[in-house]
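Take the sequences, apply the hints, and build the full model.
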Amino acid sequence: MKLSELKVGDRALVTAVQAEPAVRRRLMDMGLVRGTELEVLRFAPLGDPIEVSCNGLLLTMRRNEAEGITVNKIELCNVPQGVGPGLRKRHRFGRRA
Amino acid sequence: MSTKKKITVALAGNPNAGKSSLFNALTGAHQRVGNFPGVTIEKHEGYLDYRDYRINVVDLPGTYSLTPYSPEEIVTRRFIIDEQPDVVVNVVEGTNLERNMMLTVQLMEMEVDLLVALNMMDEVEEKGFKIDIDQLELLLGSHIVPTSARQRKGLDDLLDHIIRVVDGRIEIKKNKISFSLEVEKAIDKIADLLCHEPELDEAANHRWMAIKLLENDREIYSQVQKYPVWVKIELALQEAITECEFLHGTDPEALITEDRHAFVRGAMQECVRKPKAARATVSDYIDSVVLNRALGLPVFFLVVWAIFQLTFTLGAPLMEALDYSFGLLSDTVAPHLPAGIIRSIFVEGVISGVGSVVVFLPNIVLLFMGLSFLEASGYMARAAFVIDKVMHRFGLHGKSFIPMITGFGCSIPAIMATRTLKSRSDRLATIMTIPFMSCGAKLPVYVLLAGAFFPPTMAANVMFAIYFLGIIMGLWTAWLLKSTVLKSDSEPFVMELPPYRWPTFSSVIFQSKMKAVMYLKKAGTLILGAVILIWVASNYPRSAELDAQLARESAKIEASAVASEIKAEQLQKLEAKIEAGQLEYSFAGRSGKLLEPLIRPLGFDWRIGISLVTGLAAKEVVVSTLGTIFSIGHAAGETSLSEILRSEPGFSRATALSLMVFVLLYIPCVAAVGVMKKEIGAWKPVLLYSAYVLAVAWVASFITYHLALLFT
Numbered sequence: 001m002k003l004s005e006l007k008v009g010d011r012a013l014v015t016a017v018q019a020e021p022a023v024r025r026r027l028m029d030m031g032l033v034r035g036t037e038l039e040v041l042r043f044a045p046l047g048d049p050i051e052v053s054c055n056g057l058l059l060t061m062r063r064n065e066a067e068g069i070t071v072n073k074i075e076l077c078n079v080p081q082g083v084g085p086g087l088r089k090r091h092r093f094g095r096r097a
Numbered sequence: 001m002s003t004k005k006k007i008t009v010a011l012a013g014n015p016n017a018g019k020s021s022l023f024n025a026l027t028g029a030h031q032r033v034g035n036f037p038g039v040t041i042e043k044h045e046g047y048l049d050y051r052d053y054r055i056n057v058v059d060l061p062g063t064y065s066l067t068p069y070s071p072e073e074i075v076t077r078r079f080i081i082d083e084q085p086d087v088v089v090n091v092v093e094g095t096n097l098e099r100n101m102m103l104t105v106q107l108m109e110m111e112v113d114l115l116v117a118l119n120m121m122d123e124v125e126e127k128g129f130k131i132d133i134d135q136l137e138l139l140l141g142s143h144i145v146p147t148s149a150r151q152r153k154g155l156d157d158l159l160d161h162i163i164r165v166v167d168g169r170i171e172i173k174k175n176k177i178s179f180s181l182e183v184e185k186a187i188d189k190i191a192d193l194l195c196h197e198p199e200l201d202e203a204a205n206h207r208w209m210a211i212k213l214l215e216n217d218r219e220i221y222s223q224v225q226k227y228p229v230w231v232k233i234e235l236a237l238q239e240a241i242t243e244c245e246f247l248h249g250t251d252p253e254a255l256i257t258e259d260r261h262a263f264v265r266g267a268m269q270e271c272v273r274k275p276k277a278a279r280a281t282v283s284d285y286i287d288s289v290v291l292n293r294a295l296g297l298p299v300f301f302l303v304v305w306a307i308f309q310l311t312f313t314l315g316a317p318l319m320e321a322l323d324y325s326f327g328l329l330s331d332t333v334a335p336h337l338p339a340g341i342i343r344s345i346f347v348e349g350v351i352s353g354v355g356s357v358v359v360f361l362p363n364i365v366l367l368f369m370g371l372s373f374l375e376a377s378g379y380m381a382r383a384a385f386v387i388d389k390v391m392h393r394f395g396l397h398g399k400s401f402i403p404m405i406t407g408f409g410c411s412i413p414a415i416m417a418t419r420t421l422k423s424r425s426d427r428l429a430t431i432m433t434i435p436f437m438s439c440g441a442k443l444p445v446y447v448l449l450a451g452a453f454f455p456p457t458m459a460a461n462v463m464f465a466i467y468f469l470g471i472i473m474g475l476w477t478a479w480l481l482k483s484t485v486l487k488s489d490s491e492p493f494v495m496e497l498p499p500y501r502w503p504t505f506s507s508v509i510f511q512s513k514m515k516a517v518m519y520l521k522k523a524g525t526l527i528l529g530a531v532i533l534i535w536v537a538s539n540y541p542r543s544a545e546l547d548a549q550l551a552r553e554s555a556k557i558e559a560s561a562v563a564s565e566i567k568a569e570q571l572q573k574l575e576a577k578i579e580a581g582q583l584e585y586s587f588a589g590r591s592g593k594l595l596e597p598l599i600r601p602l603g604f605d606w607r608i609g610i611s612l613v614t615g616l617a618a619k620e621v622v623v624s625t626l627g628t629i630f631s632i633g634h635a636a637g638e639t640s641l642s643e644i645l646r647s648e649p650g651f652s653r654a655t656a657l658s659l660m661v662f663v664l665l666y667i668p669c670v671a672a673v674g675v676m677k678k679e680i681g682a683w684k685p686v687l688l689y690s691a692y693v694l695a696v697a698w699v700a701s702f703i704t705y706h707l708a709l710l711f712t
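If you read the sequences in order, they're chains A and B.
For the first sequence, counting from 1, position 59 maps to 59 in UniProt numbering; every step adds exactly one.
For the second sequence, counting from 1, position 559 maps to 559 in UniProt numbering; every step adds exactly one.
No lab work stands behind these hints: they were computed from the structure.
A few of these clues could be false.
Stated by the list, open to error - Pairs of lysine-lysine, DSSO-like flavour, derived with a Cα cap of 30 Å:
#1 B/Lys-130 x B/Lys-189
#2 B/Lys-127 x B/Lys-274
#3 B/Lys-677 x B/Lys-389
#4 B/Lys-6 x B/Lys-153
#5 A/Lys-2 x B/Lys-487
#6 B/Lys-389 x A/Lys-73
#7 B/Lys-176 x B/Lys-226
#8 B/Lys-185 x B/Lys-130
#9 B/Lys-5 x B/Lys-43
#10 B/Lys-389 x A/Lys-7
#11 A/Lys-7 x A/Lys-73
#12 B/Lys-153 x B/Lys-5
#13 B/Lys-521 x B/Lys-678
#14 B/Lys-43 x B/Lys-678
#15 A/Lys-7 x B/Lys-274
#16 A/Lys-2 x B/Lys-389
#17 A/Lys-73 x B/Lys-556
#18 B/Lys-4 x B/Lys-173
#19 A/Lys-2 x B/Lys-422
#20 B/Lys-6 x B/Lys-43
#21 B/Lys-422 x B/Lys-678
As the list claims (entries may be wrong) - Restraint-style ranges between C-beta atoms, simulated for each label pair:
#22 A/Gly-35 x B/Met-514: 40 to 48 Å
#23 A/Pro-21 x B/Pro-228: 21 to 29 Å
#24 A/Pro-21 x B/Leu-302: 34 to 42 Å
#25 A/Gly-47 x B/Phe-711: 35 to 43 Å
#26 B/Phe-587 x A/Pro-21: 56 to 64 Å
#27 B/Leu-598 x A/Gly-47: 41 to 49 Å
#28 B/Arg-78 x A/Pro-21: 13 to 21 Å
To be verified - Computed list of chain A residues with no C-beta within reach of chain B, every gap over 10 Å:
#29 Lys-2
#30 Glu-5
#31 Lys-7
#32 Gly-9
#33 Arg-11
#34 Leu-13
#35 Asn-55
#36 Asn-72
#37 Lys-73
#38 Glu-75
Where is the CB? At the ideal position from N, CA and C, for every residue including glycine.
Listed below in structure tokens is the structure:
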């Protein structure tokens, strides 16, 4: 799936990075290469740039750049009971209106 | 001095790694700012004398990588290749080693004499990181010197290392990282082909070039393409691509980057023990508020508002103090000068003219202190994140916001700051918005006019409204440009949010000091020249007829049989009348008159016309011109300029508002226009733009004037 389809709090592994050469290079230099784990932290207040953490860095990119990054979502199988709704709440917050 | 041996050291490193702090700590006062040849990136150079050496330090622009995509990266690379500094010091941030190592690895590949300055050791210790420096040295093959630029620790150690490298007492091992088998094979093959090309420089690093070719590096491509060997290389590249695609499912470029990351990750695992801290750090907590869906924008506006408050509220008393001291200066100087032209030039021209400029120094310094505080603290990048969508809607980039904000200080550094934008159309659009951001030089005009015609509580609001109008017009212009002539792909928004950091007092002060010096230089040269010119233009040619009239009528008054006090009063009135007549007769008066029909609908008379013309030199000159022209009719030092303006019948609130709007919007100062031309590279767009802003200014002032007339 695409990075742009993830929701706030989702974790995923990068599988491919596609973009025009300069952007791709930049994303890769920032650490978005195959196998990197990332977590979607938040969307900007107006819903557009997206913030992810990867390798302990906070990276931001626009949705259309996030669309070029293919990821495998890491499913949370062992979410403790109390955490689920909280996470869902964060999802709602992060989604574009 | 000349006996000292010279060493050139280049500082390379990621943005925010503390490179500039280290540079400042090393070179102190011996700094120069220039431009890298051919590109518009600032070049910071400095030197220091250490032991028997004069060490020249060049602060290269901060980069994450050495790819040929951004001007910073190209400059850094070219400098290292072409200038061949004796030592490259890679400044890395101790608390963010993994991120910083990417550049280190690429520098290693270049096989330069590399020293690693492990900076921010104070933070590393504070946060409980454990870094096995010996092991890391072994892996990187170059010496690592722990430093803390902030606390000025490890500097001598670093300098000693530099000297030892130059003397050959430290051997740089030039380790190379090995890539995947297929890549290595391709590298060997291509490097071999390159070796066989006698035209290519013997000294050139063929392995590095081969890596770059595999990485699709267009610079190296164009370098090699000229040679016949290219045919064979192209074939080898094709082969490598096919093989990598087949075996790894990706191209060599990605593979190489992956391998670098893998190397870095491995090295980090071996050498760094991070503290098992709770995940939620202070930084996360701040971000959860500052970047919050609901609070993000209010916080952003609050920050901008706070900066303005700081600038204007704190600046006001300082301004008054400066104003007072300039008044004092002219009072003390005046009696010591012979009456006549010299005294007039000095007191009315130079001191009051330059004084009117210098008075605003506190505001400019405070604004830049605020901005550099934001930059150093890490909020600036967040601001770009928060505001990008809005900016994007107008065709700009979140990063455009920073130059635009800088534009509130001075257009010139702001226009230069657009260099961080890589897309030309984004950059042009941003440059075009900057003159609409009220620069520090326009501030004096607002302070004078708003202060003279509005009560203190209102004045701040009026100024805020003017600033706001500028932002609106700027964004509108950007949108207009981006949806017409500059229609093209926008630059991507890929940025790192740096960790929050408490800015050091000295770095904030240093930054502001540089800006203050720039401003004063402008005041000292351009504006001083303009002031004298204006003085001459408004005093010559003199009308012989008026002189004769003055002599005639003053003789009449002298002869009349009234009390001497009344005589003096009458004389003074007469002189004022004649002086006003002389001004009207002068060059300045005539050109103002020429303009009058054009600006009459905006509520301006010919005297304001003069100040608008002279304001092209620099916007603060509008104030000094108004001062020169309007105070001519009055006895020197009798009343303040704002009182004089208030007493002018032709000068109403509506005029003041209209003038503020006009000054906000019309052509920026000559210096800014010059810089615009330099950054854009052609006169035509700059001239078209000037015509556009003039039209916008005229219309906006017209509307303002007539609306204001309705309401006052």
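Okay, the hints, checked on the actual structure:
1. Proximity of B/Lys-130 to B/Lys-189 is assessed by CA-CA distance (about 41 Å); at most 30 Å being required, the pair is judged violated.
2. Note on B/Lys-127 and B/Lys-274: the hinted pairing holds, with a Cα-Cα distance of about 9 Å set against a maximum of 30 Å.
3. Our distance criterion of 30 Å between C-alpha atoms is met by B/Lys-677 and B/Lys-389, whose separation comes to about 29 Å.
4. Distance hint between B/Lys-6 and B/Lys-153 is fulfilled; the C-alpha atoms sit about 24 Å from each other, no more than 30 Å.
5. For the hint pairing A/Lys-2 with B/Lys-487, the CA-to-CA distance comes to about 28 Å; that is within 30 Å, so the pair holds.
6. A threshold of 30 Å between alpha carbons decides the hint, and for B/Lys-389 with A/Lys-73 the separation of about 26 Å falls inside it, so the pair holds.
7. Restraint check: the Cα-Cα separation between B/Lys-176 and B/Lys-226 comes to about 28 Å, which is no more than 30 Å; the hinted pair holds.
8. A threshold of 30 Å between alpha carbons decides the hint, and for B/Lys-185 with B/Lys-130 the separation of about 37 Å lies outside it, so the pair is violated.
9. A hinted pair counts as satisfied when its Cα atoms are at most 30 Å apart, and B/Lys-5 with B/Lys-43 qualifies at roughly 23 Å.
10. Our distance criterion of 30 Å between C-alpha atoms is met by B/Lys-389 and A/Lys-7, whose separation comes to about 19 Å.
11. Distance restraint check for A/Lys-7 and A/Lys-73: the Cα-Cα separation of roughly 10 Å lies within the 30 Å cut-off, and the hinted pair is therefore satisfied.
12. Of the supplied pair hints, the one linking B/Lys-153 and B/Lys-5 holds, its CA atoms being roughly 25 Å apart against a limit of 30 Å.
13. Annotation: proposed proximity of B/Lys-521 to B/Lys-678 holds, straight-line Cα distance about 20 Å (limit 30 Å).
14. Between B/Lys-43 and B/Lys-678 the CA atoms are separated by roughly 16 Å; this keeps the pair inside 30 Å, and the hint holds.
15. Taken as a hint, the A/Lys-7 and B/Lys-274 pair is honoured in the structure, with Cα atoms around 28 Å apart against an allowance of 30 Å.
16. With a C-alpha separation of about 20 Å, the suggested pair A/Lys-2 and B/Lys-389 falls inside the 30 Å cut-off, and the hint holds.
17. Proposed proximity of A/Lys-73 and B/Lys-556 is contradicted: the alpha carbons are some 99 Å apart, above 30 Å.
18. Simply put, B/Lys-4 and B/Lys-173 have alpha-carbon atoms about 28 Å apart, close enough for the 30 Å limit, and the pair holds.
19. Taking the CA atoms of A/Lys-2 and B/Lys-422, the gap is near 26 Å; set against the 30 Å cutoff, the hint holds.
20. In summary, the hint linking B/Lys-6 to B/Lys-43 is supported, as the alpha carbons are separated by about 19 Å, within the 30 Å threshold.
21. A threshold of 30 Å between alpha carbons decides the hint, and for B/Lys-422 with B/Lys-678 the separation of about 16 Å falls inside it, so the pair holds.
22. For the pair A/Gly-35 and B/Met-514, the supplied restraint of 40 to 48 Å holds, since their beta-carbon distance comes to about 44 Å.
23. Checked against the given bound of 21 to 29 Å, the beta carbons of A/Pro-21 and B/Pro-228, roughly 27 Å apart, stay inside it.
24. At about 40 Å, the beta-carbon gap between A/Pro-21 and B/Leu-302 stays in the expected band of 34 to 42 Å.
25. Taking the beta carbon of each, A/Gly-47 and B/Phe-711 are about 39 Å apart, inside 35 to 43 Å as hinted.
26. At roughly 58 Å, the beta-carbon separation of B/Phe-587 and A/Pro-21 lies within the given 56 to 64 Å, and the hint holds.
27. Distance hint check: the CB atoms of B/Leu-598 and A/Gly-47 are about 47 Å apart, consistent with the given range 41 to 49 Å.
28. Between B/Arg-78 and A/Pro-21 the Cβ separation comes to about 20 Å, which falls inside the hinted range of 13 to 21 Å.
29. At the 10 Å boundary, the C-beta of A/Lys-2 stays outside the reach of chain B, the nearest C-beta of that chain being 16 Å off.
30. With a cut of 10 Å on Cβ distances, A/Glu-5 stays outside the contact zone with chain B, its closest approach being about 18 Å.
31. Separation of A/Lys-7 from chain B is adequate, the least Cβ-Cβ distance of about 13 Å exceeding the 10 Å criterion.
32. A cut-off of 10 Å between C-beta atoms confirms that A/Gly-9 is not in contact with chain B; the least separation is 13 Å.
33. In this structure A/Arg-11 is separated from chain B by more than 10 Å, as the shortest Cβ-Cβ distance comes to about 13 Å.
34. The claim that A/Leu-13 lies off the interface holds: its Cβ sits roughly 13 Å from the closest Cβ of chain B, which is beyond the 10 Å cut-off.
35. Distance check for A/Asn-55 against chain B: the nearest CB is about 6 Å away, which does not clear 10 Å, and the non-interface claim fails.
36. The beta carbon of A/Asn-72 sits about 14 Å from the closest Cβ of chain B, which is more than 10 Å, so the claim that it is off the interface holds.
37. Separation of A/Lys-73 from chain B is adequate, the least Cβ-Cβ distance of about 20 Å exceeding the 10 Å criterion.
38. A cut-off of 10 Å between C-beta atoms confirms that A/Glu-75 is not in contact with chain B; the least separation is 20 Å.
Checked against the numbered hints given earlier, the structure breaks hints 1, 8, 17 and 35 and satisfies all the rest.
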